[in-house]
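Undergrad: If you want the building blocks of each chain, they are given just below.
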Amino acid sequence: MNAYPLAAISYLLFALATAGFLTCGNLVRMLMFLELMLNAGNIALVALGPPPASQAYALMLFAVAAAEAGVGLALIIAMASAFRTLEAENIKELKG
Amino acid sequence: MTGNYYPLLKWILLPPLAGFIVNGLAGKKLLGEKAGGLLGSLAIFTSFFFAVLCLSDLLSLPIENRLLRDTLYTWISAGNFGVDAAFRFDPLSAVMALIITGVSLLIHIYSLGYMKGDAGYNRYFAYLNLFVFFILVLVLADNPLVMFVGWEGVGLCSYLLIGFWYEDPEKTASGKKAFITNRIGDAGFLLGLMLLFSLLAAAGAPAMDFASLEKNTPLLISSTALGIAAPTLICLLLFFGATGKSAQFPLHVWLPDAMAGPTPVSALIHAATMVTAGVYMLARLHFLYELAPKALAVVMLTGCFTAFFAAVIALLQKDIKKVLAYSTISQLGYMFMAAGAGAFSASVFHLGTHAFFKALLFLGAGSVIHGMRGEQDMFKMGGLRKYMPYTFLFMAAGWLAISGVPGLSGFYSKDLILEKVFEHGGRWVWAAGVLTAGLTAFYTTRLVILTFLRQPRTSSSHAHESPLSMTLPMAALAAMALGGGFMLKDSLLIFLEPATEAVAGPNPHATLLMAISTAAGLSGIAAAFLLTLPGPSAFLKLILAPAHSLVFNKFYVDEIYNQLVIRPLIFISDKVLFTLVDSGFIDGVLVNGAAKTCYGAARALRRIQDGRLDHYALIFALGAAVMLYWLI
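So the sequence lines, in the order shown, correspond to chains A and B. For reference, each letter of the first sequence is one residue, going 1 to 96 in our numbering. For reference, each letter of the second sequence is one residue, going 1 to 632 in our numbering.
Source of the hints: derived by calculation from the structure; they are not laboratory data. Please note: incorrect hints may appear among the correct ones.
Far from chain B, by Cβ distances over 12 Å, these chain A residues were calculated [stated by the list, open to error]:
hint: 1; residue: 25
hint: 2; residue: 55
hint: 3; residue: 61
Simulated DEER-style distance windows between Cβ atoms [said to hold, decoys possible]:
hint: 4; chain 1: A; residue 1: 45; chain 2: B; residue 2: 621; range: 19 to 27 Å
hint: 5; chain 1: B; residue 1: 617; chain 2: A; residue 2: 66; range: 47 to 55 Å
hint: 6; chain 1: A; residue 1: 19; chain 2: B; residue 2: 590; range: 35 to 43 Å
hint: 7; chain 1: B; residue 1: 604; chain 2: A; residue 2: 19; range: 29 to 37 Å
hint: 8; chain 1: A; residue 1: 24; chain 2: B; residue 2: 586; range: 49 to 57 Å
hint: 9; chain 1: B; residue 1: 596; chain 2: A; residue 2: 66; range: 29 to 37 Å
hint: 10; chain 1: A; residue 1: 78; chain 2: B; residue 2: 586; range: 20 to 28 Å
hint: 11; chain 1: B; residue 1: 630; chain 2: A; residue 2: 24; range: 22 to 30 Å
hint: 12; chain 1: A; residue 1: 78; chain 2: B; residue 2: 609; range: 19 to 27 Å
hint: 13; chain 1: A; residue 1: 78; chain 2: B; residue 2: 602; range: 45 to 53 Å
hint: 14; chain 1: A; residue 1: 55; chain 2: B; residue 2: 602; range: 21 to 29 Å
hint: 15; chain 1: A; residue 1: 55; chain 2: B; residue 2: 609; range: 35 to 43 Å
Note that the structure is predicted; figures quoted are calculated from it, not measured. Cβ coordinates follow ideal geometry from the N, Cα and C atoms, glycine included.
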């Protein structure tokens, strides 16, 4: 099986996800784009890694992604209740 | 190592140190006034006793081997350079140690009465003991470094005792002046020592005890430093140290101010012992000076000038102690004159006789001040002979001795110096010396007349004779001032210079020279009696008014120093060093500058951290992209 088309899909997905992450202001969306980036990395792993180990790693990364999404959503809920907004540009407490 | 090991030597040093520690730490609480004073005097007596013991052992040795040594421990050991904490006892040290412990003992006893009731009684005796310890270290030292320890130590004690009554800011200022002036001289001394050591080490002879130095210094005769022959430069630097300690021109200014201390201190430190340290140093290093005839000429001319200059100032002083202070400077000039003429033992002889009669004069002055309840202005005294007969009697002994009346101690030593100066220094120096002898007689006579003779100028009926503890030491000193010269004139010189004295034949002009200097002294006395009468003194004041103010103000040396040295120094310290360097550069640029740079940088950089998540993300993405580009 030729790995290059798969790798190309993974790069494209990663680039699009990054662009989306940088352009949208909503925290939930940003989290979703982050998940997409992670999945792009996962595809690249499967496409380019040595066959059995990389697939095992990909499976493990699903679990990591699920856990990370859980933590991320929990943080977002906490911030939403604290700031009463989900727009990133309105949350500027960490300002020098 | 030459010389006989002699462990008793340290026992000369230890009692004063012990006295200092006990009196200094526990005196006031444990001992109280009486016991503290007695303890201080007893310490000096023990020291004197051991000095006499050492002397008798020294005399039992054959003449060519008269040297006792005592090494305590190795003080410095660095490569091939080593210095021991070692002491020596040879004829020169013996004479000095005996003069010091003897005169100190008398002055300690005198102080028992003089300082009675003073709040700092125990502190006074502690300092005095410490001083005796340090001066003994100075004269017993077996190498120039240990000598330097004593040299600095006596300077410290001098400072402590001048500023003894520290509540009076003027007196503490005098103490500081003495200390700082001495430090200037000490810098020269230290430079001279360093030069000596480095050149000797380069010549392959780094041993530092005096015996080795005497053997090795001829190695230096052909070497030069800064384009001057090395022995000359070393001797001049060391002599500069001596001018500081022994109050020679141009560093004489501190000694008159040192009279702010208690009078026994003036007698002991600023007349009899410490100020003669410079003379002692020259005599100790005579082998070095004999290699440097030019340096000796400088020593002689400085001494001659100082002797004359200080005698002139002493003519018109009002304060009884100031007269004696300038007289001391003048007499020290005599000693340097003798040393410069190569007659080191003559200068030590004069050192001894001067210690007797000048200490006596100071103690007498102290007794007068004591009787007059602190009055020091001679024009407010007069006629005290009636009220203080013993003091007058002893003071008269000192007066006649210093004036060079034949048969008394000052006559022998001064005459010997003038004779040597005539042989080695030429007529002009000799003539200045004779003139100074006349002036010396004049101002001392004036002092005695104004204080004791004629009619009282103020009501001095409250004046009273001093207690026995004060008059007895004066009696002992008076005996030495009267008879010491006659007793010691031959034996001391032979003791100091067993080899050379026999060779030098009598000077053919000796009788004539003696007659001239005696005549100068006697005419000085006569002139003083004549010119202090109201008529002539008013006349003199009229015709010599400008000269009078010049002399009375001590030739404005202090004012010149103030303008030339102190004010520029203060200006530089204030405007350049303080404003520019310290608060400008160090505080402004380095300390505050560092803080300001951080602050400014933080102000500039805080804009980056604007709290916007998307901006952070963008920067992060760009950074990651750049890094990726870099790696691939």
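Undergrad: Against each hint, give a clear statement of whether it holds in the structure.
TA: Do the hints match the structure? See the list:
Distance check on residue 25 of chain A: its Cβ comes as close as 7 Å (rounded) to a Cβ of chain B, failing to clear the 12 Å threshold; non-interface status is violated. Against the 12 Å criterion, residue 55 of chain A stays outside the reach of chain B, whose nearest CB is about 25 Å from its own CB. Against chain B, the non-interface label of residue 61 of chain A holds: every CB pair exceeds 12 Å, the least being about 19 Å. Checking the proposed 19 to 27 Å range against residue 45 of chain A and residue 621 of chain B shows it holds: the Cβ atoms sit about 21 Å from each other.
At roughly 23 Å, the beta carbons of residue 617 of chain B and residue 66 of chain A sit outside the given window of 47 to 55 Å. Residue 19 of chain A and residue 590 of chain B have their C-beta atoms about 50 Å apart, which leaves the hinted 35 to 43 Å range violated. Take residue 604 of chain B and residue 19 of chain A: their Cβ atoms lie about 31 Å apart, and the range 29 to 37 Å holds. Take residue 24 of chain A and residue 586 of chain B: their Cβ atoms lie about 55 Å apart, and the range 49 to 57 Å holds.
As the Cβ distance of residue 596 of chain B to residue 66 of chain A is approximately 52 Å, the hint placing it in 29 to 37 Å is violated. Against the hinted window of 20 to 28 Å, the Cβ-Cβ separation of residue 78 of chain A and residue 586 of chain B comes to about 52 Å, which falls outside the hint. Look at residue 630 of chain B against residue 24 of chain A: about 29 Å separates their beta carbons, and that is inside 22 to 30 Å. A hinted range of 19 to 27 Å holds for the C-beta pair residue 78 of chain A and residue 609 of chain B, which are about 22 Å apart.
Roughly 31 Å separates the CB atoms of residue 78 of chain A and residue 602 of chain B, a value that falls outside the hinted 45 to 53 Å. In this structure, residue 55 of chain A and residue 602 of chain B break the distance hint of 21 to 29 Å, their C-beta atoms being roughly 50 Å apart. A beta carbon spacing of about 42 Å between residue 55 of chain A and residue 609 of chain B agrees with the range 35 to 43 Å that was offered as a hint.
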